[in-house]
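Going down the list, the sequences are from chains A and B. Residue numbering for the first sequence is 1 to 220, as defined by the numbering used here. Residue numbering for the second sequence is 1 to 123, as defined by the numbering used here.
Calculated directly from the structure, the hints in this document are not laboratory data. Just to be clear, a hint being listed does not mean it is correct.
Unchecked claim - Partial selection, computed: residues in chain A whose CB lies under 10 Å from chain B:
(1) C30
(2) Q70
(3) D71
(4) I110
(5) L171
(6) L178
(7) T186
(8) K197
(9) A201
(10) A204
(11) L212
As the list claims (entries may be wrong) - Over the 12 Å line for every Cβ pair with chain A, so calculated as not near, a few chain B residues:
(12) Y16
(13) R57
(14) Y100
To be verified - In silico DSS-like cross-links for lysine-lysine, where the CA-CA straight-line distance does not exceed 30 Å:
(15) K103/B x K65/B
(16) K65/B x K2/B
(17) K215/A x K103/B
(18) K40/B x K2/B
(19) K215/A x K197/A
(20) K67/A x K2/B
(21) K103/B x K2/B
(22) K40/B x K197/A
(23) K67/A x K65/B
Glycine included, every Cβ here is placed at the ideal spot set by N, Cα and C.
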Amino acid sequence: MALVRTKTAGEDAGRAGQAGAAALPEAADCVDLADGLESAEASVRRHAAKEILRCPNAGAALVSRLKREQDIAVRAAILTTLIRLDDPAATAELAGCLRSEDVALRNEAIEALGVLAGTGDRAGAVPPVLASLLADADPDVRIFAVNVMGSMAHPDVERWLIQVIESDAHLNVCATALDLLCEVGTEASIDSLVRIKVRFAAEAFIQFAADLALKRIGEI
Amino acid sequence: MKRVLIVDDAATVRMYHRGVLESRGFAVEEALNGIEALEKALETPFDLLLVDVNMPRLDGLGFLKEMRRQQIPQPPAIMVSTEAAARDEMAACHAGANCYLVKPVRPLQLLAHARLMLGEANQ
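Extracted from the complex, chain A is given alone in its bound form:
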């Protein structure tokens, strides 16, 4: 078991604000935990994934391991720690997993990013990680960004979805946003739904999905 020393509130202030006010591990312990993440034994990796929370560069080490990890329990522990960490750099690393060919990894990243992007006091503005994903040149990444919104419990999701269907040129990005608007759309979406029907007038699916959203909004 790693030894820990108690630090003063001032020493802890930098990181403890995000990860909770607990003692930081010694540097040597952090090295052990980083090594533990690469252990051949899943139980050791899982333990390290939990305990590395307050070590410097924990986020980068965790995401690096996540990209290669095959054990489901270890993956779950890594994602839980990344969410607790709520570190912008680690979140950006996690967003990079959306480009992975590993579908399971992409899905796990979407769910974790939904939690990370949906927390904190960010009233009104699109969370930075989401804004970056929505501006990505790869339409698949933008689709995954919309999927992230689908896993968020945030009052501004509808407004962000409206921005997507108003501004994104890619059919499937808009189609994904429309699917979500069918669930969360309100009267605020009506004008944008009418406009997207005009913009993609020849696309049967867009017509279908927009009409469905409009019908459901009318039933609210």
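Based on these hints, arrange chain B on the given structure of chain A.
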């Protein structure tokens, strides 16, 4: 009546594909992800699978691989995904899909491929 299982996490897409297929006499069932689809495939055989690649819990590729692993008889499978995810096409073929369509699938395109997979192309 040929039975089709639509596997897609997007409710709108499932409804759209269901409407197209039912309008031409197919009987349709739906699953939200690969896990649900496996349960349905174990319960009763289908004539055709229409499977999205990206889904939570168990994705489309994982679903087909799991069918094979569990030795569940697999009917023809049409894989659907987004344009840029055409990189998934090779993986879909490897997992056992018979063809790969890019979303949004147009109604006539879907019906043509469904009939082709079922050996009804000239009917």
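Verification of the hints:
The restraint placing C30/A at the interface with chain B is violated, with a minimum CB-CB distance near 33 Å, outside the 10 Å limit. Interface hint at Q70/A: violated, since its Cβ lies 13 Å from the closest Cβ of chain B, which is beyond the 10 Å cut-off. Annotation: interface hint on D71/A violated; nearest CB of chain B at approximately 16 Å, more than 10 Å. Given the 10 Å rule on beta carbons, the hint for I110/A holds: about 8 Å separates it from the nearest Cβ of chain B.
Hint on L171/A holds. Least Cβ distance to chain B is approximately 7 Å, under the 10 Å limit. Satisfaction of the interface hint for L178/A is found here, the shortest Cβ-Cβ separation to chain B being roughly 7 Å, below the 10 Å cut-off. The interface hint given for T186/A is violated, since its Cβ lies 17 Å from the closest Cβ of chain B, which is over the 10 Å cut-off. Proximity of K197/A to chain B is violated relative to the hint, the smallest CB-CB distance being about 14 Å (cut-off 10 Å).
Look at A201/A: its Cβ only gets to about 14 Å from chain B, farther than 10 Å, so that hint breaks. A cut of 10 Å between beta carbons decides the hint on A204/A: the least distance to chain B is about 6 Å, and the hint holds. Restraint check, L212/A versus chain B: the minimum CB separation of about 6 Å is within 10 Å; hint holds. Residue placement check: Y16/B does not keep its beta carbon more than 12 Å from all beta carbons of chain A (closest about 5 Å).
Its closest Cβ contact with chain A, about 8 Å, brings R57/B to no more than 12 Å, contrary to its assignment away from the interface. Under the 12 Å C-beta cut-off, the non-interface status given to Y100/B relative to chain A holds; the minimum distance is some 14 Å. The hinted pair formed by K103/B and K65/B meets the criterion: a straight-line CA distance of about 22 Å does not exceed 30 Å. Restraint check for K65/B and K2/B: the C-alpha separation of about 23 Å stays at or below 30 Å, so the hint holds.
Restraint check for K215/A and K103/B: the C-alpha separation of about 23 Å stays at or below 30 Å, so the hint holds. At roughly 16 Å between alpha-carbon atoms, K40/B and K2/B fall within 30 Å of each other, so this suggested pair holds. Between K215/A and K197/A the CA atoms are separated by roughly 14 Å; this keeps the pair inside 30 Å, and the hint holds. For the hint linking K67/A to K2/B, the alpha-carbon distance of about 41 Å lies beyond 30 Å, and the restraint is violated.
A distance of roughly 23 Å separates the Cα atoms of K103/B and K2/B; the hinted pair therefore holds under the 30 Å criterion. In summary, the hint linking K40/B to K197/A is not supported, as the alpha carbons are separated by about 35 Å, beyond the 30 Å threshold. Under the criterion of a C-alpha separation no larger than 30 Å, the hint pairing K67/A with K65/B is consistent with the structure, at around 21 Å.
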